[in-house]
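Chemist: Please work from the sequences and hints to get the whole structure.
Protein chains: 2
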Amino acid sequence: MSRIELAQGAGGRGMQELLDQVIRPALSNPLLDQGHDGAYLPGQGLVMTTDSYVVSPLFFPGGNIGKLAVCGTVNDLAMCGAEPLWLSLGLIIEAGFEYDDLQKILASLAQTAKEAGVVVVTGDTKVVEAGKGDGIYINTTGIGRSRLAQPFSPKALKVGDRLLINGGLAEHGLAILAARESLPFETPPISDCACLHGLVETMLATCPEIRLLRDPTRGGLAALGNELASASSLSILLKEKDLPIKSPVQAALQMLGIDPLSVANEGKLVAFCPEASAEKLLKVMQAHPLGRDSAIIGEVIERQSAPLWIQTQIGTRRLVEMPLGEQLPRIC
Amino acid sequence: MSRIELAQGAGGRGMQELLDQVIRPALSNPLLDQGHDGAYLPGQGLVMTTDSYVVSPLFFPGGNIGKLAVCGTVNDLAMCGAEPLWLSLGLIIEAGFEYDDLQKILASLAQTAKEAGVVVVTGDTKVVEAGKGDGIYINTTGIGRSRLAQPFSPKALKVGDRLLINGGLAEHGLAILAARESLPFETPPISDCACLHGLVETMLATCPEIRLLRDPTRGGLAALGNELASASSLSILLKEKDLPIKSPVQAALQMLGIDPLSVANEGKLVAFCPEASAEKLLKVMQAHPLGRDSAIIGEVIERQSAPLWIQTQIGTRRLVEMPLGEQLPRIC
Chain A
1 MSRIELAQGA GGRGMQELLD QVIRPALSNP LLDQGHDGAY LPGQGLVMTT
51 DSYVVSPLFF PGGNIGKLAV CGTVNDLAMC GAEPLWLSLG LIIEAGFEYD
101 DLQKILASLA QTAKEAGVVV VTGDTKVVEA GKGDGIYINT TGIGRSRLAQ
151 PFSPKALKVG DRLLINGGLA EHGLAILAAR ESLPFETPPI SDCACLHGLV
201 ETMLATCPEI RLLRDPTRGG LAALGNELAS ASSLSILLKE KDLPIKSPVQ
251 AALQMLGIDP LSVANEGKLV AFCPEASAEK LLKVMQAHPL GRDSAIIGEV
301 IERQSAPLWI QTQIGTRRLV EMPLGEQLPR IC
Chain B
1 MSRIELAQGA GGRGMQELLD QVIRPALSNP LLDQGHDGAY LPGQGLVMTT
51 DSYVVSPLFF PGGNIGKLAV CGTVNDLAMC GAEPLWLSLG LIIEAGFEYD
101 DLQKILASLA QTAKEAGVVV VTGDTKVVEA GKGDGIYINT TGIGRSRLAQ
151 PFSPKALKVG DRLLINGGLA EHGLAILAAR ESLPFETPPI SDCACLHGLV
201 ETMLATCPEI RLLRDPTRGG LAALGNELAS ASSLSILLKE KDLPIKSPVQ
251 AALQMLGIDP LSVANEGKLV AFCPEASAEK LLKVMQAHPL GRDSAIIGEV
301 IERQSAPLWI QTQIGTRRLV EMPLGEQLPR IC
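Chains as they are written, first to last, in UniProt numbering: chain A, 1 to 332; chain B, 1 to 332.
These aren't lab readings, by the way, just hints derived from the structure by calculation.
None of these values were measured; they are calculated from a predicted model.
One or more of the hints may lead you astray.
Same chains, same label: a pair holds when it works inside one copy or across any pair of copies.
Once the Cα atoms are required to be at most 20 Å apart in a straight line, the calculated SDA-like pairs of lysine to any residue come out as [stated by the list, open to error]:
#, residue 1, residue 2
1, K114, R13
2, K104, R24
3, K114, P30
4, K114, Q103
5, K158, Q254
6, K114, A26
7, K158, A276
8, K158, S233
9, K283, D293
10, K155, S305
11, K239, R317
12, K239, D293
13, K246, Q313
Modeler: What follows is the structure, given as structure tokens:
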């Protein structure tokens, strides 16, 4: 392979190879090698995270690239146990892009930032020729204040730890796919795009023994489970019957032949906590507006022959592979 | 005007309109409205700055997009009087981009970061379809520790203050233009792309009374002078005979009909200091490897009918307009 392929941006195996073989070796250092959604800046109590947003289409049911560019970065800070404070904003705009659309996107971005209590403190705008972009690409980099005594690490996971999720799977990816392909839904599926820092604050206040938080974005729960189990040197077992998936989402994905485990979410998190705390944490999550459909969806088990497994409805176990990343490019 | 135009990314009047009419109003807040190259984060002693790099071509004499992505952001921190510490890295790669080129760019980025003493702490990689990008776009966001008791502000400028520059003008812009258009130079012009934080450290140590630093990137000295004079409610007078421009650069730009004042630099800074300190500061700058050709190039004067003026070689004064931004898109 001598050229970058589209699937390498989709959060699956192709991306992992690109990161592991090219990008990380070039830049390796102890802070980057933490391998989090963000970096704990030494001696500052601060966390830094960055994401570029290239979602297509730019507008979709439940949000647009502006809202997503705030939620995605706020969530990465929240997953590091940090209170989001400041954002930078880098715009790459394609010549010919409509002023109206830019204004709508910025208004949505500003509104989402306001609701999340984060401030856009600095920015940069570039314009590229028509045909060298796709309307607009947005980078946001976020700084937050860590609420944790110890940074989260997959190494902290222990056998028996429970996995909890705050609601239905695969809603963002399906919404993007439906909007992009103009799929004929009676009611178009809606993205779950939301800022999760408020939910996380409540969760950490009640259950400081949470071991780890991570949001199942690109590559979905399948990528998250594979990555974290590999990093922890343990395995993870999901329970299919306990996975919250709304029935229209389930039906649509079945029809399309897409595994909901590999589909991106933008308003979901997975929390790992000790078994003894799982029920308490579940209640706290279910009491929050963004966690009503929360569920305990699996547990950490001894290392098996593969990192991620699922116990199916009929009681058998099958392994869940790292998604290849080909099905859903440009989901965020 | 209902669509974004290419010139609006080039640092001139078009960009100012886009920023003033669309982007700043949507996001306005006291931190963003500081209007610096970076934002002083309240209560942290830290500065945050962001830039996306879309330079075309990706490789040019004197550098490439990887080196530029470090120097540009390090320099924005340096212009805020900050010691650069941490960078985030956002890559948007076009499908089909050569692995080899990616590796060269990352190696150069890593090497430049190492030399500058900054650490890439977190990153993000996206891939877009062929025809929706241009090889690679890079965002870097930087965090640095401020060395200033008071943030720099154009409001601090006083009549009589001198402007100093650390060397020859217009070298980056000409190098890019020559590489892009394959202009037939016997010796291709070389970009001045360099990290200036070391020079700034020496300057601030010797001359803490420096009022303001700014790097003349997009839109060149013309944009810098217009912006800062407008923000200070004073005017600036440049002395044409004192502007350091290497003679091959001068000749090439004359042939191309391009005003060197409006051409981007990537290894230059303009310092404003009290008249009494100008000679001392000049000596310190000239003693630094990145400041050998430093010169005092003008002064702050009472407000005139326009913000920026130049005293020509023949002794007349003419005003220097904000560049339109049409000549040199995608210079950084």
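Chemist: Failing hints, ascending?
Modeler: When the structure is compared with the hints, numbers 1, 5 turn out to be violated.
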